[in-house]
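Asks: Same order as they appear, the protein sequences are chains A, B and C. Just so we're aligned: the first sequence equals residues 1 to 81 in this note's numbering. Just so we're aligned: the second sequence equals residues 82 to 319 in this note's numbering. Just so we're aligned: the third sequence equals residues 320 to 432 in this note's numbering.
Calculated directly from the structure, the hints in this document are not laboratory data. Quick reminder that beta carbons are idealized off the backbone N, C-alpha and C, glycines included. Careful: at least some of the hints might be erroneous.
[As the list claims (entries may be wrong)] For the chain C half of the interface with chain A, some residues (derived, Cβ under 8 angstroms), not all of them:
#1 K345
#2 I348
#3 V386
#4 V409
#5 Y416
[As the list claims (entries may be wrong)] Cut-off 30 angstroms, straight-line C-alpha distance, at most; resulting in silico cross-link-like pairs (BS3-like, lysine-lysine):
#6 A:K79 x C:K426
#7 C:K340 x A:K23
#8 C:K340 x C:K426
#9 B:K85 x C:K425
#10 B:K112 x C:K381
#11 C:K426 x A:K23
#12 B:K110 x C:K381
#13 C:K377 x B:K112
#14 C:K425 x A:K79
#15 B:K84 x A:K79
#16 C:K368 x B:K110
#17 C:K368 x B:K112
#18 B:K84 x A:K23
#19 C:K377 x B:K110
#20 B:K85 x C:K340
#21 B:K84 x C:K345
#22 B:K274 x C:K377
#23 A:K23 x B:K179
#24 A:K79 x C:K345
#25 C:K426 x B:K84
#26 B:K85 x C:K426
#27 A:K79 x C:K340
#28 C:K345 x B:K85
#29 B:K84 x C:K340
#30 A:K23 x C:K425
[Stated by the list, open to error] In silico negatives: residues of chain A with every beta carbon more than 10 angstroms from chain B:
#31 W6
#32 V7
#33 L8
#34 I10
#35 L11
#36 V14
#37 L15
#38 K23
#39 L37
#40 F41
Now for the letters of each chain:
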Amino acid sequence: MIFVSWVLIILMVVLAIVSIELKNLIAAVVAMGGVSLIISFLFLLLQAPDVAMAEASIGAALTTAIYIIGVRQTERSEKND
Amino acid sequence: MIKKVVYAIFGAIIVLALAMFFAAYPFGKNKMAVGEYYLNHGIEQTGAANIVTSVVLDYRGFDTLGEVSVLFGAAAGVAILFFLAKEGRREERENLTKPNFVVKVGSRIIFPFILLFGTYIFIHGHLTPGGGFQGGSIIASGFLLLYLSYPGTRVKRSGLSVLEGLAGLTFVCLGLYGLLTPESSFLYNFLPKGQLNMLVSAGILPIIYIAIGFKVASEFAGIVDDMMCQVICRGGEK
Amino acid sequence: MIYYIGSFLLIAIGLYAVVVKSNLIKILIGLNLISSGVNLLIISVGYVKNGTAPIFSKIGLKAAMMVDPIPQALTLTAIVIDASELALAVAFVVLLYRHYRTLDIKKIRSLKW
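Assemble the whole structure, with the sequences as input and the hints as a guide.
Replies: Okay, structure coming up:
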């Protein structure tokens with residue numbers, strides 16, 4: 001039985017584990033943007049369109065942009081073990 | 082190694098406690114207590130068709146004032162931190178990739194439509210899903226697009242700060258005017274409620290959302306401008 | 320039910336990143352994961368089976384078949400405050416890097432004495 005919400009939640013958890021284990025920091029924050037995008041769609045499935053619009057515009061767009069501008073001025077890969 | 086052991090104990094306690102608490106709230110059951118009252122009496126007490134708007138701005142309007150102040154404090158903090166550390170990384174500026182022709186022309190064409198779409202969302206906040214916060218951040222994303230496709234362009238910081246100050250002043254003065262009416266409570270809805278699903282209805286709710294939309298847009302644009310200027314500006318100062 | 324389990328897993332993964340990892344950007348990503356998990360948990364508590372969004376856009380909608388509007392109002396405030404807190408935290412990280420030239424909290428802590 002494949003419902004849309006099961007597939008999306010499993011994809012979201014896999015992306016979250018990937019984003020804290022990657023060594024390249026820019027790839028890690030892009031994966032975090034992917035988690036925000038999937039959560040915005042899950043809000044729409046839970047019948048909350050106001051919150052879905054806020055999470056998509058603030059969480060997925062502006063948060064990722066602020067992370068990338070910050071990471072760009074520091075190191076781009078995690079150097080140690 | 083000690084950190085992983087600490088995490089294993091702490092994490093297990095927290096997840097088990099959460100699972101135990103939320104077993105008492107089964108998924109999908111109707112457990113509204115105050116929500117029923119707001120849904121049944123929302124239209125005749127506020128006049129807005131969007132019940133989430135009437136909860137955010139009328140029944141819980143003071144929390145929205147607190148949130149706007151937190152946003153203002155964070156934007157002021159970012160501006161102060163980057164004002165005191167004026168020297169940027171000057172060697173960053175030479176290896177920026179130049180955007181190509183399609184990006185430059187396309188972003189100029191699409192920028193007015195982004196502004197129009199964001200304005201539409203915060204004007205119709207009491208009729209359709211949306212509101213001041215969503216519309217303001219869409220406008221700030223439009224400014225981010227301009228920063229990315231024309232490196233070296235700046236917005237006028239003096240104009241943004243005047244707009245932000247006027248919008249915040251409007252919100253607080255509308256709230257203080259409610260103290261002068263016979264009802265005498267802060268943020269009281271003193272204008273007539275009008276007819277349902279019309280653009281001019283629901284008292285002062287559209288006016289407050291327009292003020293919040295301007296304020297959020299100028300604050301997020303100011304934050305993005307402060308952070309991009311550390312990378313891109315010639316000379317590294319404001 | 321799967322929504323509850325998904326948000327518990329997000330909170331656990333974010334907590335792992337905050338406690339165990341030693342890179343400053345990974346710690347900020349962990350804080351953001353905890354916030355997203357808590358927002359998902361709050362909204363999924365307010366869901367009513369076969370409900371619809373709480374907006375009276377058409378004539379025939381009744382109040383008895385709508386979902387709860389209060390968790391949505393709380394989550395809206397929480398999302399905006401999380402974004403502004405993140406901007407301030409990234410500004411701190413950039414200034415720390417300029418002073419210490421490293422992003423590793425083990426080295427920043429040991430440079431004190």
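Asks: Regarding the pair K110 (chain B) and K381 (chain C), is the alpha-carbon distance no greater than 30 angstroms?
Replies: Since the Cα atoms of K110 (chain B) and K381 (chain C) sit roughly 18 angstroms apart, the hinted pair holds (cutoff 30 angstroms).
Asks: Given the proposed pairing of K274 (chain B) with K377 (chain C), does the C-alpha separation stay at or below 30 angstroms?
Replies: 19 angstroms, holds
Asks: Tell me if the straight-line CA distance from K377 (chain C) to K110 (chain B) falls inside 30 angstroms.
Replies: 25 angstroms, holds
Asks: Are K84 (chain B) and K79 (chain A) close enough, with their CA atoms no more than 30 angstroms apart?
Replies: 20 angstroms, holds
Asks: Go through the hint on V409 (chain C) and say holds or violated, using the shortest Cβ distance to chain A against 8 angstroms.
Replies: Hint on V409 (chain C): holds, closest Cβ of chain A at ~4 angstroms, below 8 angstroms.
Asks: Does the interface hint hold: is Y416 (chain C) within less than 8 angstroms of chain A, judged Cβ to Cβ?
Replies: Y416 (chain C) check passes; min Cβ-Cβ to chain A is 4 angstroms, inside 8 angstroms.
Asks: Taking 30 angstroms as the top limit, are the C-alpha atoms of K368 (chain C) and K110 (chain B) close enough?
Replies: Between K368 (chain C) and K110 (chain B) the Cα gap is close to 7 angstroms, so the pair holds against 30 angstroms.
Asks: Examine each Cβ of chain B, and state whether all of them lie more than 10 angstroms from the Cβ of L37 (chain A).
Replies: 14 angstroms, holds
Asks: Please settle this one: K23 (chain A) was flagged as non-interface, so is its CB more than 10 angstroms from every CB on chain B?
Replies: Given a closest Cβ separation of 19 angstroms, the condition holds.
Asks: Is K84 (chain B) close enough to K345 (chain C), meaning Cα to Cα at most 30 angstroms?
Replies: 15 angstroms, holds
Asks: Please settle this one: W6 (chain A) was flagged as non-interface, so is its CB more than 10 angstroms from every CB on chain B?
Replies: Non-interface label on W6 (chain A) holds, nearest chain B Cβ at 14 angstroms vs cutoff 10 angstroms.
Asks: Does K345 (chain C) lie within 30 angstroms of K79 (chain A) when you go C-alpha to C-alpha?
Replies: 13 angstroms, holds
Of the numbered hints given earlier, the model fails none.
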